[in-house]
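> Chains Z and U, in that order, give the protein sequences.
Anchor point for the first sequence: position 26 equals 26 in this note's numbering, and the numbering is continuous, going up by one each time.
Numbering-wise, this note's numbering comes out as the position in the second sequence, counting from 1, plus 1000.
Derived by calculation from the structure, the hints in this document are not laboratory data.
You may find that some hints are simply not true.
List of simulated lysine-lysine pairs, BS3-like, C-alpha gap at most 25 Å [what the hints assert, rightly or not]:
no.	chain 1	residue 1	chain 2	residue 2
1	Z	K227	Z	K180
2	Z	K247	Z	K229
3	Z	K57	U	K1038
4	U	K1038	U	K1149
5	U	K1171	Z	K57
6	U	K1102	Z	K57
7	U	K1026	U	K1174
8	Z	K29	U	K1171
9	Z	K33	Z	K227
10	U	K1102	Z	K89
11	U	K1149	Z	K180
Derived, one-sided and incomplete: chain U residues facing chain Z with beta-carbon distance under 7 Å [stated by the list, open to error]:
no.	residue
12	E1077
13	V1079
14	I1100
15	W1108
16	S1112
17	V1162
18	G1163
19	G1164
20	V1167
21	V1201
22	S1219
23	G1221
24	M1226
25	I1227
Footprint (simulated), chain U over chain Z, 3 or more residues, beta carbon under 8 Å [as the list claims (entries may be wrong)]:
no.	region
26	48-57
27	109-122
28	179-189
29	230-237
We put the CB at the ideal spot given by N, CA and C, even for glycine.
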Amino acid sequence: MEEHLLPHLTELIRLAATDLPNDVEEGLKSAWKKEEPGSAAAQALETILVNIELARKESLPICQDTGTLNFYVSLPSHLSATSMAEQIKEAVRAATDLSYLRPNVVNALTDENTGSNVGADTFPFVEFSCHQDAELIVDLLLKGGGCENVSTQYALPNLELKADRSFEGIKKCVLHAVFKAQGLGCPPGIVGVAVGGDRAIGYREAKRVLLRRIGDRPADTRVANLKEKIRKMANNLNIGPMGFGGKTTLLDVHITFLHRHPASYFVSVSYSCWALRRRRLIWDGRKATFL
Amino acid sequence: MLGLKKASADLGREKSDVSLREKPMKKVTLPTDEKSVKSLEVGDYVLLSGLIITARDRAHKWMYENFVNQEKIPTAEDVMVYERLKTLLADGAIYHCGPIIKENQSGWEIISAGPTTSEREEPYEAAIMRHFRVRVVLGKGGMGENTRKACQEVPAVYLHAVGGAAVVAAKRVKRVVEVLKPEFGMPESIWVLEIQDFPCVVTMDAWGFNLHEEVLRRSEGLFQHMISL
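Looking at chain U on its own, in the form it has when it is part of the complex:
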């Protein structure tokens, strides 16, 4: 992962410890398909490549209200953005991320682009995944029961990137392709990014497993025991 072998050595670990850490990496390229996402299991390390779109709080609410749940009448301009999103998201990926991007003479430059907390998108994500046939949701902190079910149905996976490791993440963004809904402001816009070998780990798979649910259940037992002492 990330040429970490060298980094680990720098941190003073024994070489034998490092070799223990060499797990096989699974490569996933977007757009992907049912077979590919079904081959992934919780705990697998993944290197993700291809086009992804960033979407967080405002973008999710906007997609849901205008096009998924259709509780609003979208503007003609928004319909055009929606058509573009349909192409990008079919067999594609949503990244929960509000990046720092700098505009310079040659175009957009990515500065810092780690994941944001996914849980806030739980009210919308399952419906959005079904609507667009989203195969990969990338974020941090995990998601709830609705998204877990959608992962089984679509099928799709939830991939976890390391929260706060935003420079490492930005290094795996090859190109900022375009921006949709720029009026949402820098963190909230829908950025189309081309990524290569973006490191992440499967924490919710297409088979109904959710690592976050397991950690929660186990820690709940421990917590109850601790406070009853």
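Same shape as in the complex, but just chain Z:
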């Protein structure tokens, strides 16, 4: 069955690009309160907070790098995936024409920018899962290029870091990734970590956990403790907002444990800049709700 969702999908993109989720903004506010008044770190956070307000008020993209678009679609069985994929591409083109998105898709062979944010089957990234409920859920994550460039992956054991297949080993890898990123990924950042999978699945799932809310506490206490430990230690690196030095380098760390091949133990780290732009659309067949 087909439903006309184009206006809702376009609105989902507009919201993601221009209206930062509340939990991220609150995280940035508390980071700002911790920095030394007058420091470059405090100034940077003030500018960031003013920028968030302005972007929301004037419906303008928070950052000019509106990134790559990642759609995670949870599809009820009565809806057509083919139609949904087409409508998503259509909404991406419309949002680009409306300047909610910068044209960010370049043909790697010819170096030509497609101008539409659509690049054959590569972009936008759309992943479908099916379920029996009546509701359609579309999660959207915009991920900037600067922070994607500092995302990375480790195969354990890693001799250089003396990281074995343990919580201690995972901790070393994530701290190493944050240290290597310095100010390049626009801290204070949020890191998604996936343990296990193959290389491709690890990267995919590390990115997906960025959809979780700031301050989210995992049900498993072992994971919750690991997360807290890594966040605190990363903040003690004193890299700080924009890499100016300061108290907050990470707003949060989200970790997911997957299954793995006996030979492989991948720790994949997806770094997000402070502008973690995620939004959700829920469609019950009559009404669209945005979270």
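Assemble the complex: chain Z is given as a structure, and chain U must be docked to it using the hints.
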């Protein structure tokens, strides 16, 4: 900075905290000169005004290969663009930025224009700065040893804008003057922008100081200590 006094009050800070944050701003107008850039030090807050050009990955590679390192034979059209760039960049500024710009009936409208990560231009920047006598490089994330040396030699400064704060940045762009190399696509074209009181901070100065190098060294020590525990 940016009328932030009011914004800070809105965020629930005590007034006394805000006054602590009132640091003197240094104004720099482009084109600038040796004396002016030498008066700047790491940590200074700067309001930058005048004409700047945006250049990122493709523009840097193109300038370097065609005119700086001369490993390619440029087209006649490219030579004309180069002549224009020589005028714009002498005592001028390069901004690492891929803006969102809308074309409407009255011309170009700037939508969103924050900095992009500068590090990717490290292989080219020092040579470009020397070639054109660039006095200001504006970006985010800092640059490496080659650029630090070029800042001392030219002399020039590296100014850091706040990454992601693209609406705040766009408000300080008064006018989109022209576009060069539009075939590079919107983010990669060379846009000539007139800016006024664009807020930034000096993180690499003409005296050889590099804040990014310092933060890196310090965090490296802390990291080594943490993982050896």
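> Would you mind marking each hint as holding or not holding in the structure?
Results for each hint:
no.: 1; hint: Z:K227 x Z:K180; in the structure: holds, 19 Å
no.: 2; hint: Z:K247 x Z:K229; in the structure: holds, 15 Å
no.: 3; hint: Z:K57 x U:K1038; in the structure: violated, 40 Å
no.: 4; hint: U:K1038 x U:K1149; in the structure: holds, 14 Å
no.: 5; hint: U:K1171 x Z:K57; in the structure: holds, 14 Å
no.: 6; hint: U:K1102 x Z:K57; in the structure: holds, 19 Å
no.: 7; hint: U:K1026 x U:K1174; in the structure: holds, 20 Å
no.: 8; hint: Z:K29 x U:K1171; in the structure: holds, 22 Å
no.: 9; hint: Z:K33 x Z:K227; in the structure: holds, 22 Å
no.: 10; hint: U:K1102 x Z:K89; in the structure: holds, 21 Å
no.: 11; hint: U:K1149 x Z:K180; in the structure: holds, 23 Å
no.: 12; hint: E1077; in the structure: violated, 17 Å
no.: 13; hint: V1079; in the structure: violated, 21 Å
no.: 14; hint: I1100; in the structure: holds, 5 Å
no.: 15; hint: W1108; in the structure: violated, 12 Å
no.: 16; hint: S1112; in the structure: holds, 4 Å
no.: 17; hint: V1162; in the structure: holds, 4 Å
no.: 18; hint: G1163; in the structure: holds, 4 Å
no.: 19; hint: G1164; in the structure: holds, 4 Å
no.: 20; hint: V1167; in the structure: holds, 4 Å
no.: 21; hint: V1201; in the structure: holds, 5 Å
no.: 22; hint: S1219; in the structure: holds, 5 Å
no.: 23; hint: G1221; in the structure: violated, 10 Å
no.: 24; hint: M1226; in the structure: holds, 6 Å
no.: 25; hint: I1227; in the structure: holds, 5 Å
no.: 26; hint: 48-57; in the structure: holds (count 7)
no.: 27; hint: 109-122; in the structure: holds (count 4)
no.: 28; hint: 179-189; in the structure: holds (count 5)
no.: 29; hint: 230-237; in the structure: holds (count 3)
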